[in-house]
Structures are given as C-alpha cells and as structure tokens.
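Undergrad: Per my numbering, the very first residue in the sequence shown carries number 967; after that it's consecutive.
Calculated from the structure, these hints are not laboratory results.
Just so it is clear, CB atoms sit at the ideal spot from N, CA and C, and this is done for glycine as well.
It is possible that part of the hints are untrue.
Quick list of the computed label-pair ranges, beta carbon to beta carbon [unchecked claim]:
1. Val1233 / Leu1182: 15 to 25 Å
2. Gly1024 / Leu1274: 31 to 41 Å
3. Lys1361 / Leu1154: 38 to 48 Å
4. Glu1337 / Arg1269: 47 to 57 Å
5. Ser1345 / Ala1042: 43 to 53 Å
6. Gly1255 / Ala1102: 34 to 44 Å
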Amino acid sequence: MPDAGQAVADAGADSYARIVAALIRVTGDWTLAEDCAQEALTLALERWPADGVPANPGGWLMTVARNRAVDVLRRASVERRKLQELALLAVPAQAHGEEEVVDDRLRLIFTCCHPALSLEARVALTLRTVAGVPTADIARAFLVTESTMTRRLTRARTRITTAGIPYRVPAGPALAERLPGVLAVLYLLFTRGYDADGEPAFAEEAIRLSRLLAQLMPGEPEVAGLLALCLLQHSRRAARRDDEGNLRTLDRQDRSRWDHAAITEAVALLPESAGPYALQARIAACHVGTPTDWAAVAELYDRLLRLLPTPVVALNRAVAHGYADSPAAGLRLLAEARIGGALDGYPYAVAAEADLTARAGDRTRAVALFEQAAAAAPSEPERRALLARAEELTK
C-alpha cells in the first residue's frame, strides 16, 4: 500500500490550485474556497491511512471540497444557481458550457497577480491561494506575525472584490501587457527562496508554478524562459555552500553537486526569442560550461541592457565585461552604471568593484572595498563570504 501521507502531499500539490480555482470561479468566495480545499486535505490525512488511497486522489479531494462548499452555501441560503454550478464540478470541464475552456488555475494566477494589488500582496496571495502555503510560513518569510499576514491576505481578497478585479485571463493585447507582471511575481517568489537566507521551499514552489504556467501557456516563450532561468539557478543550490555553511562563488563550486537533470531540462526549454527572461536564462546557461563563456555572457548583457536599462543589469554587464575583456573595462562600465547615484549603498556594486579592483592588481583597495561591502551585506552568510575574500587578499 502506498504511503498515505505522501499520497496526500502529492495529491495536494497536483490538485490544490485546481480545487481552489474552481470553487472561486463558482462561488466568488476566496476564503470559502481555500477553507474547503484545506478541509479536504485534512480529511484525506485522517481517512486514507485506514481506507487506502483512492484510485483518483485528486477527484476524491475535489468531491470532498465541493460537498463541503455545498453544505456551507446551503446553510447560507444562497441562490440555487451556485449550488447547481457546484454540482457541475463533478463532471469534465467541457460540460460547463463555456465558450472558451480556460483552465481555472490560469484564471487564479492572473487574478492573484493583478496590478491593482501591491507587489507584496501579489506574492503572498499567490503563495497562499495558488500554492496552498500555510499563512504562518508566509508570515515568517515576510518577517511579520501570522496575524499580520492574515490581515494582509484578507485585505487583498477584499480588494479583489471591491475593485471588481475580474476572475479571468486577459486576451489579445491585454495578455501581453499583463503577462510580464505575472512572471515578475513568480520570479520574485523564486528569489525569496533562492537568496542566501531564503526559504528553499519557496524557490521550489516558484519552479512548480512556473512549470504549471508553461503547461497552461505553451506558446509563450517568456514563460519557458522564466522556467529555464529558475531551473538553471536552482540547479546549483546544493553547491552554493561548503560543509561549514559558507557561501561559495560560482567558480569555486563543486559542479558534481549541481542538479544536471534540471540543467538538461532547462537547456531544452531555452526559447529562441530575446525577451528579458529568455536572455537571462541564456546567460545562466553560459555558466554551465567549463570555463564560463564570458564573451557570450557580455554580449547577452549588452542585449539585456537595451531591453531592461536598469542599474542592476548595468552592474551585471560591467562584471561580465570585466571578465570577457579586462578588469579595467569592467570598472569603466561600473562607473557609468553608478552615474546618478542609483547604485549608492548597494553592497553588490561595492563587492563587484572590489572583485574587479583585485583582478586589476590593487589588492589594498580591494580589501577595503570587500570590507565595506561586508558591512552592508543583507545576510550573515554573504557578510562572511565577503570578509573571507578580503582575508584572502591579505595573505
């Protein structure tokens, strides 16, 4: 008999968003939908160990959640139309009578990522409603109490209702306008999990949701680009720290610890387009080889900067040219990126200058810069790594 607990976890990962999205579409009640989905999972944990895992675990969960919603709505004396539509959740989607069959999960993702909500609210709502992450875990990642996060999620759901945010996927030109915002939320979710002190589960959830989005929107190259980018970056997670927990730079990582299956998947996904996520994915792919193809990285950053003229992209471009051309060339480009003060106080800009300065031969100044960057580092592992670089240069 398969492990019931693992079966519940697997069924939840596969079906939670589908159940919540379908219940929201029918009832319009976000809290009811989430509560019913969670109750179905709880009941599965109670019954499956004794009764066995059902032949269709996702269907079992959907039925339980639907029945729970029907009970609640009956007690609330809602109109018969909603009850009838809930009954239809038991039959295939083609029977719903929709002119265009769109996966409910896609509607849910676009609604959670609507630009009328703050970026923080979009990330939190996506975690809670699409991924089913417990509110306590989300609160910990945002460094707030669970009650505070509960209130924020409630305000976001209320905003969706009061602002009349439509529960649908935009079409035509509106889709092209909205999709970058959805991808930005998923990538921010990924970085929250991939950062030195991040929640690894959030990075994995971002990959799962990006893979879901790629399945639901197979013709969108930027979706494939985002998934490839996340896979390539996440493939190196196990090698980012040594046995003592200290961060290791890319050139010092044990490549045997990389997830080569994820790398293979990502490379196969790389689109031919030149959108921002596709370009970033191609940059990440350049680091797969030994040694890194810095000339290709620099050329790709030239293209990315034309598309996304941001200070951070300009900083990364300077570093790439510092390796592809010369440290002096990198320092010149870094000075250009700093014009206007956009990178003032940014520890990664100071660290980049320190690295380029060390490679240019000025070890004394590089040590001071590494120490300056360490003092402003956002996490303890990064602070230790920068101080270690400074110490190396004094030997």
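Undergrad: Compare the structure with each hint and give your call.
TA: These are the hints, each one checked on the structure:
At roughly 22 Å, the beta carbons of Val1233 and Leu1182 sit within the given window of 15 to 25 Å. Between Gly1024 and Leu1274 the beta carbons are some 39 Å apart, a value that agrees with the proposed interval 31 to 41 Å. Distance hint check: the CB atoms of Lys1361 and Leu1154 are about 39 Å apart, consistent with the given range 38 to 48 Å. Evaluation of the 47 to 57 Å hint for Glu1337 and Arg1269 yields a failure: the beta carbon distance comes to about 35 Å.
With their beta carbons about 48 Å apart, Ser1345 and Ala1042 fall inside the hinted range of 43 to 53 Å. Between Gly1255 and Ala1102 the beta carbons are some 42 Å apart, a value that agrees with the proposed interval 34 to 44 Å.
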